[in-house]
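Chemist: Okay, here's what each chain looks like letter by letter:
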Amino acid sequence: MIDVREMTKNYGRLVANDNITLSVGGGELAVLLGPNGAGKSTLIKSVCGLLRFRGSVTIGGHENHTAEAKRLLGYVPEFPVLYPMLTVAEHLEFIAKAYRLEAWQDKAEQLLRRFELDDKKMKLGKELSKGMQQKVSVCCSLLPGPRAVIMDEPLVGLDPHGIRELKTAILELRDSGCALLISTHMIESVEENWDVTYIMVKGRIERVCRRADIAADQSLEDVYFAITEGKSQGDPA
Amino acid sequence: MSSLVFLLVRSAKNSFLELLRKPGKLILWSLVLLGIGGIFVLSLFTGESAENLLDPAWLKGILFLLVAFFMAAAIRKGLSNGDVIFEMSDVNLLFVSPVSSRLILLYGILRMAKMAFLAGFFILFQSNSLRSGFGLGFDAVLLVLLGFILAVSLLQILSLLIYSLTNGNPARKRSVRLLATAIFLPLAATIGVQFAKTGDPLLALENALGSPFLTWTPVAGWASEGVAALIAGDAAGGLLFLGLLALSGALLILYIALSNPDYYEDVLVATETAFEKKRVIAEGQIGTEASSSKKVKVVKTGIGGWGAKAIFYKHMRESFRSQRLGLWGWPSLLLVAGAAVTSLFLGGKGGEGGKLLVLLQILMWAQIFLIGTGRGLKELYLHYIYLIPESSFRKIVWSNLEIAFKVLVETLAVFGVAGLIMKEPLLLIAAAIAAYTLFSFLLLGVNYLSLRWTGTNISAGLLVFIYIFAVILILLPGLVAAVVIGSRFGDVGVVIGLGILALWELIAALVCFALSRGILHRCDMPSVKTGNQV
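The listed protein sequences derive, respectively, from chains A and B.
Heads up: the first sequence begins at 1056 in the numbering used here, then just goes up one per residue.
Heads up: the second sequence begins at 823 in the numbering used here, then just goes up one per residue.
None of these hints come from the bench; they were simulated from the model.
Predicted model only: the values in this text are computed from it and were never measured.
Wrong hints could be hidden among the right ones.
[To be verified] Below, computed lysine-lysine pairings styled on DSSO-like, alpha-carbon distance capped at 27 angstroms:
1) Lys1200(B) to Lys1175(A)
2) Lys1200(B) to Lys1131(B)
3) Lys847(B) to Lys1185(A)
4) Lys899(B) to Lys1175(A)
5) Lys899(B) to Lys995(B)
6) Lys1131(B) to Lys1178(A)
7) Lys1099(B) to Lys1117(B)
8) Lys1131(B) to Lys1176(A)
9) Lys844(B) to Lys1181(A)
10) Lys1185(A) to Lys1222(A)
11) Lys1200(B) to Lys1099(B)
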């Protein structure tokens, strides 16, 4: 569903993403791990079509800048930026109208209830706390019923209820055949449910790790530190 | 003390090294310095004829107004959050360190003086205008800059003091407001009396400029009189008034340091508010609405439109919610009022359209910067517009319809009112409206083209520079053609010239939009570099 081929992104002389190739199939939960500055957010923004890059990115077989690809895509950004002058309900209405969604109201209500936002429908974007904004951002990304969802640090700022609901929503999306690419530093939050993990270091994918590849007594955290810390020890820096 | 000196020296050194590492910034600063040098050299060759020179009292008046504007802003800040003299890093690292709070205050004030110097940088560009308008040299420009820096530094300290004295005390806030208004009352009364005597607003202002009520108005009067005296060669008068500024500043610092060594709480709110604003901007909220504390009442709700059209309806909902007049708030009313006042000063005799052209020229310069206030360009800083599954062209068109509509109505009002005051013919007013509206359309096109061409991967300052340069370059052929062809047609030449300019603007704008086609997927989503790690 999400297919990245030989993708390179430069900021001037800095190579933020170096020849990245990855793919996430339908019903698969892919986790993007890496230390700060590894290039995870750049990769995510490039896949979502927010940055220019060399290489190819397709969503459901469509080039990522096409309307067909955008219709399949849901994106939860690192910073939940809302429109300060729109209410919570209007954010969802705007998404519904802009995406030309029919009969969206029930689904919107359901999402708002799930993330405990149903009593905040009339609150303006600027009146919400960081965590609330993150919840609205998640609702906006899920409303169009995307088949590929990309999330950048989605659990940051959420309260325990929000974290539980989002983790459940992620599982439901995966079970419904949706492809998920999630970048996170909270390894324990994906430990139980990941299918494939891409560990990035300095703009490159250092290791692709499938659940079946690791030993029964090994955790994802062990794999992560073996790659990243092993790398930094040998690094001349 | 050594740690603070280390901070100051190391910050200056690192800023310089960063300049060398970032070619964009280096080019921008080189261009600014070259510009100042160029204008200085130009001012040496600018001839001034004694009969065309303005009375230096007007320079005093301009400086008075400028400082009074900063004064109003400083008092306003003092009554809300206080001025920002520290960074968040100072709060997190310095405030908790065992360094004397008084020395830290001194460090903050020193850094603030640097900001005042940078704020006054634009004065250095005025040497040519001062030469041709008042017959003054570069030394006078430096004196104006000195007076401005002293006044702004004093105002920043004053703002801090006002906050510290009035925070959480409405009665004191009221007193400060009353006092701030009372300071200007004698001058306002003088202008009123002069107007009653002469019946001529310009003459009344001119007479008031020589009044002691203007000279002794705190800060603005002292700064303008001090600079005017030094320029006129009256060293004693100059030193007296500029000395008064420096002395007041020193006394205020002394008062803050001695009376309130625990001032951290007083500066914390302003520092945190400024930091939060920068953070919000860096995350993509480049408008002021997100960080504004203004209470907004939600009455009507809902978004109209379907597909890309929903962006336009969203903009309308946001605008009407943010201000009662919707697209046309106070800035629009001020624009129309300002144009009307300018028209009154330019005179009501009409003529060959020259006066309307002066107004058009002023408004076109202002529009270069005002066009960026539209929601369409701001939309580019958020991810939503990129992800909406519609064609890039449709999204850009619907996203900019709000500013196009706003500009059209504003233009009709501005030139309608100005044309009536100037008693200009209807055809000329219509030609000016067309030239101005299409100029705004061209500016939008150039904005997109600048973003498309640079890929947004440059500093905001350099982007603005490229944008202004591109506007001048693109407009120039149309302007030359308008002047050359228009000058051949006698009385109707101005209308024909404006028509040609409008046509050129339309063609150039269409070319710009065509060249910036696909901006939503051919350049990086821009972000504002606030200079802070947030």
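Chemist: For each hint, tell me whether it holds in the structure or not.
Modeler: The hints, checked one at a time:
Proximity of Lys1200(B) to Lys1175(A) is assessed by CA-CA distance (about 26 angstroms); at most 27 angstroms being required, the pair is judged to hold. Note on Lys1200(B) and Lys1131(B): the hinted pairing holds, with a Cα-Cα distance of about 17 angstroms set against a maximum of 27 angstroms. The suggested pairing of Lys847(B) with Lys1185(A) is violated, with an alpha-carbon distance near 33 angstroms, which exceeds 27 angstroms. About 32 angstroms separates the Cα atoms of Lys899(B) and Lys1175(A), which puts this hinted pair outside 27 angstroms; it is violated.
Restraint check for Lys899(B) and Lys995(B): the C-alpha separation of about 12 angstroms stays at or below 27 angstroms, so the hint holds. Our distance criterion of 27 angstroms between C-alpha atoms is met by Lys1131(B) and Lys1178(A), whose separation comes to about 24 angstroms. Only pairs whose Cα atoms come within 27 angstroms are accepted, and Lys1099(B) paired with Lys1117(B) is accepted, the gap being roughly 17 angstroms. Proximity of Lys1131(B) to Lys1176(A) is assessed by CA-CA distance (about 23 angstroms); at most 27 angstroms being required, the pair is judged to hold.
With a C-alpha separation of about 35 angstroms, the suggested pair Lys844(B) and Lys1181(A) falls outside the 27 angstroms cut-off, and the hint is violated. Pair hint Lys1185(A) plus Lys1222(A) holds up; C-alpha atoms about 18 angstroms apart against a cutoff of 27 angstroms. Our distance criterion of 27 angstroms between C-alpha atoms is met by Lys1200(B) and Lys1099(B), whose separation comes to about 16 angstroms.
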